[in-house]
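Asks: Whenever a hint applies, use it, and build me the whole structure from the sequences.
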Amino acid sequence: MRNKRAITPVLSSLLLTVVAVAGMAIATSATFVITTNLRENMSERVIAEDVWFKASAGTVDVYLHNVGKVKIHVLDVYVNHTRRSFNSPFNLELNEHGWLSIYLDSNSGDLFYIDIVTSRGTHIASHYTAP
Amino acid sequence: MIVVMLSLVLVVIIVGNVVLWSYQMNQFDMDRMQETLSLTNVTRITRSSWGTAQNEYSIGTGSRLSGTYTDTTTLDGVYETFREELQGFDVYNPSDYTLGGSTSYVSGNITNLSSNDDAYMNFRSYVSGSSATSLSDAFVAYRDSTTTLNIPKERTWDGDSTAWGSQSDLPTSDSPVRWVRVAFCPLESRSYEKIVVTLSDDGYLDAYVWNGTSWTATNNIAFPGTTANAYKCFDVAYEKTSGKAVLVYSRGTTTNEIGYRIWTFGTGWGSEQLLNLAYTSGIVRWVSLAPSPETRAGTGDDNEIALIYLDANVDAHGYAWDGSTWSLMGATAVWDNSVAIATEECIAVAYEQTTGEAMFIWADSVSNRFYYKTWDGTTLSANTLLTITATGGVGNWVTLKADPASDDLFFTVVNGGSDLNTAYWSGSAWTVHTEHDSAVDTNARRCADFAWEPTGGKGLLVWGTTAGQIAYRTFTAPDTWGPQQNLAMGANAHPWVQLRTNTRNIAGDTLILGAVLEGTVFDLGAVRWDGTSFTIIGTNTIASDTTVITYECFEVEFMNFGTPEFTCEVEFSGTSNTQNWTQLEWTTDLSFTTADVTTTLQLYNYSASQYPTSGDGYITDTIGQTDTTENQTITATPTDFRDISGNWKMKITGTKTTDTQFELKEDLIEFKATTSDIYRLKISNDFGIGLSTYPRDYIQGIEILIRYNTTEDTERWFLRAYNWTASSFSDVGFNSTAGSQPTLNEWNEYTINVTDNWTDYVRDDGVIRIEFSDEGLTTNQTSVGIDFLGVRAIIDGTRLDLKNSSPLSLHITAIWITNSTVHQRYSANLFMNSGESTSYIRADVLLPQGDFLAKVVTERGNMAVFSSD
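Residue numbers (this note's numbering), protein chains in the order written: chain A, 1 to 131; chain B, 132 to 1000.
The set of hints was computed from the structure by calculation and includes no laboratory data.
Predicted model only: the values in this text are computed from it and were never measured.
Glycine included, each C-beta is placed from N, C-alpha and C at the ideal position.
A couple of the hints might just be wrong.
Facing chain A, a subset of chain B residues (Cβ under 10 Å, in silico) [as the list claims (entries may be wrong)]:
#1 141
#2 940
#3 944
#4 947
#5 949
#6 992
Derived BS3-like pairs: lysine-lysine, alpha-carbon spacing no greater than 30 Å straight-line [unchecked claim]:
#7 A:54 / A:71
#8 B:532 / B:375
#9 B:986 / A:71
#10 B:803 / B:782
#11 B:934 / B:986
#12 B:589 / B:532
#13 B:986 / A:54
#14 B:934 / A:69
#15 B:803 / A:69
Replies: In structure tokens:
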């Protein structure tokens, strides 16, 4: 005897399809988002062409050149693992270059480990000695 | 299921893209790691590289002796040599010309004489005289089957070599030639001119005029028709004084029976004029003309020509042409309406050469009877009977020849019985001679002829009487005869015999020339008489096959003058300045259309009021068909060759004794007056500075260097640059304007720096024009060898020596120059191949004083560093 309250086979198939589509859409979107972030992270290339210790101005200027394939945004600057302020916001379009001024007093002979972090987590870090 | 599959595909694509991207970035990093760029040196530079000549030097004054501009691009002792030339001269070319004598203009214009470029003015020569010593030439025109009978042939008798020349063609008559008549112009100025008229199978007359270089044909000039063309129904003769020729012919009609046309030099043939015969109406068959010798008193006979004709009705009558109209000479009726025969030429006319009286004579229908009339310009005599009893019949062929030196005439008749008889006219009476032959070769052709010797009183009778032989007798007036001589000539009868008297009296010349047509083989042979010997030149000397004996298809005529002397004379004139001259150089380049023309070039001497005949202003040479440059420099009172207004004139005269008219081809006439005796050299050239490497904003000046040597050290040498703003050469802003004093026998280096106002010397494209010149002091001609001449920019820039040791090419995008006080970045755009070393020059990169650090940055983010300490 038929249960009159049960769903019909057509409706059942339709519901299953909707669920499948929704599930795959979520999976595809997640894949796209994840891979896009991954690709942007991989594409970041920034070099520091020059470092100029301006003791009189109380800054250390780093000349950054975006040689990667995505624009960058400098999120944080760490000097000797201490977060320092800089001329924020500092963005570089593709192949753009410019001075990043870190507000820092320096003396001749001081050794600094300067770590510049982009918004995607790329680090441009190296040791520099003040001349 | 489908949705799942599609989604999986999308995921795979997205992931694959990421993988590919990852690969690319990894490749980028790999390349970056492989880049090996080294900056080996960084130095300050103050000069750009040299800009040297890229084209040959322009010579303002002077000349180039050897070498090329490429020899001046490196300091290597290989040099280009220039030489000073006289400066301060003006070159003039003619602005007008005047023809001398009867020289005629042919082509070109006066502007063609400004340069030696094979663009000519042509002038045609004229007959300026005749050789008084050259032996007489003659001419024969005839029918010949070579190529075609339609084309008349001709040969020239060369008196000096006593030989007939080679056969030449006249223009075609378009129909086989039958009868031929020839006339030579009686004017010395056109002694070369001759007219040939032919009558052909088609019934048309064709006329040909030789103008000295070519034949001018007038085909179908008249139409006697295909009935009258069985007879010599035309004749041509020149008027003695005017040089016009009159062609008289039968029109083959019974009204307006005769037509005539006038040939005028420079104009050509006039239109056909008609002569409606007053007392006859038959178709004219025979026409004979005789030009007056112009020996009667007054001018009435200057251009008189006597005409006698014979028509189909056996009527004989005559007219006299006075140069403009035909006269019946008072006749009121036909002269004779029953002449002997209408199918043979039994009429003749000739002028007594002293009195200038004309005699008309014809054979009557009564045996042994001949009638004649005389015309003295006023009165035409009545018909007068000449009886030659020995003929025994009516005359078929009669001729009347005038003694060139007297009033004597000689009458020859071949009658219907083939008898040959003659009679002599003394000017007042006849002497009838004993019959010469009773059985000549034919009575259907004129197989006998007589000609006087040029000196008169004597002559020669020639006739055909035996097959394979030609007979002749000498005659001395009034009735002295040499024995009959029979010479072998061919193998057949000789139906046509024609003799002509030499019109000139030159010692050793041929006195009488003759042409003899042989039957059966139709050969046209030649004979000559030199006063003692009768010579058969050949049986077919003139033609090997005329194909018929029907017509007198040839005529021989002597030229009336010796070999022409042609002259071409042109006077060119122009203007010049009126300054003092140190020298005058006059030059012409010319040629002729014939070889070996004696050429005289003369520059008019205004001081002497004449053209020089030697020395300055006079050049003579023999010039032919190759362009020849004649030149003369006058240093002694050169101003004698101009007038007070600066006018000058130059006469060119070319003369040659030749049969052929020639032309002068004038290519260049130059009159070069020098106002200074100072030798100068002034050369210039363009030099380039690479503004892309050395931007104008970073150039601080220019430097010019010349390395040279000279053969004289008495004057200084100068460099100047072209001011593009002022459009002139200048030395403003030069660190030295004193010039360079050379030392003999060594290389001299002369350097100029321009740091002020230098921008005016550099064109927008970086070109700097440099002029090198002498001081202009010496009268000695100096040669200058230039080993090097170049310009370069004065800069304050940097040279970076780079080496790319990586296996990849690289792109340098930035240069850093840093020290304690300056961190200067310069954008760069330099590509380097793998393994390449280069010196990268930057005029805009300024190195600091003291120690510095230089870096170059590649596009991939690598750097090379150079420290100056």
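Asks: Is residue 934 of chain B close enough to residue 69 of chain A, meaning Cα to Cα at most 30 Å?
Replies: holds (27 Å)
Asks: Was the hint right that residue 944 of chain B lines chain A, CB cutoff 10 Å?
Replies: holds (8 Å)
Asks: Quick check on the hint: residue 992 of chain B CB to chain A CB, less than 10 Å?
Replies: holds (4 Å)
Asks: Does the alpha-carbon distance linking residue 589 of chain B and residue 532 of chain B stay inside the 30 Å limit?
Replies: holds (12 Å)
Asks: Decide if the proposed pair is consistent with the structure: residue 803 of chain B and residue 782 of chain B, CA atoms, cutoff 30 Å inclusive.
Replies: Holds, at about 16 Å.
Asks: Between residue 986 of chain B and residue 54 of chain A, does the CA-CA distance stay at or below 30 Å?
Replies: holds (19 Å)
Asks: If you take the shortest Cβ to Cβ gap from residue 949 of chain B to chain A, is it below 10 Å?
Replies: holds (6 Å)
Asks: Taking only the CA atoms, is the gap from residue 803 of chain B to residue 69 of chain A under or equal to 30 Å?
Replies: violated (77 Å)
Asks: So if I understand the rule, the pair passes when the alpha-carbon distance is 30 Å or less; does residue 54 of chain A with residue 71 of chain A pass?
Replies: Holds: residue 54 of chain A and residue 71 of chain A sit about 27 Å apart, inside 30 Å.
Asks: Return the status of the interface hint for residue 940 of chain B: holds when the least beta-carbon distance to chain A is below 10 Å, violated otherwise.
Replies: violated (16 Å)
Asks: Quick one, are residue 986 of chain B and residue 71 of chain A close enough, alpha carbons at most 30 Å?
Replies: holds (25 Å)
Asks: Double-check residue 141 of chain B for me: the hint is only fine if its C-beta lies closer than 10 Å to a C-beta in chain A.
Replies: Where the cut-off is 10 Å and the nearest Cβ of chain A is about 5 Å from residue 141 of chain B, the hint holds.
In terms of the numbered hints stated before, the structure departs from hints 2, 15, listed from lowest to highest.
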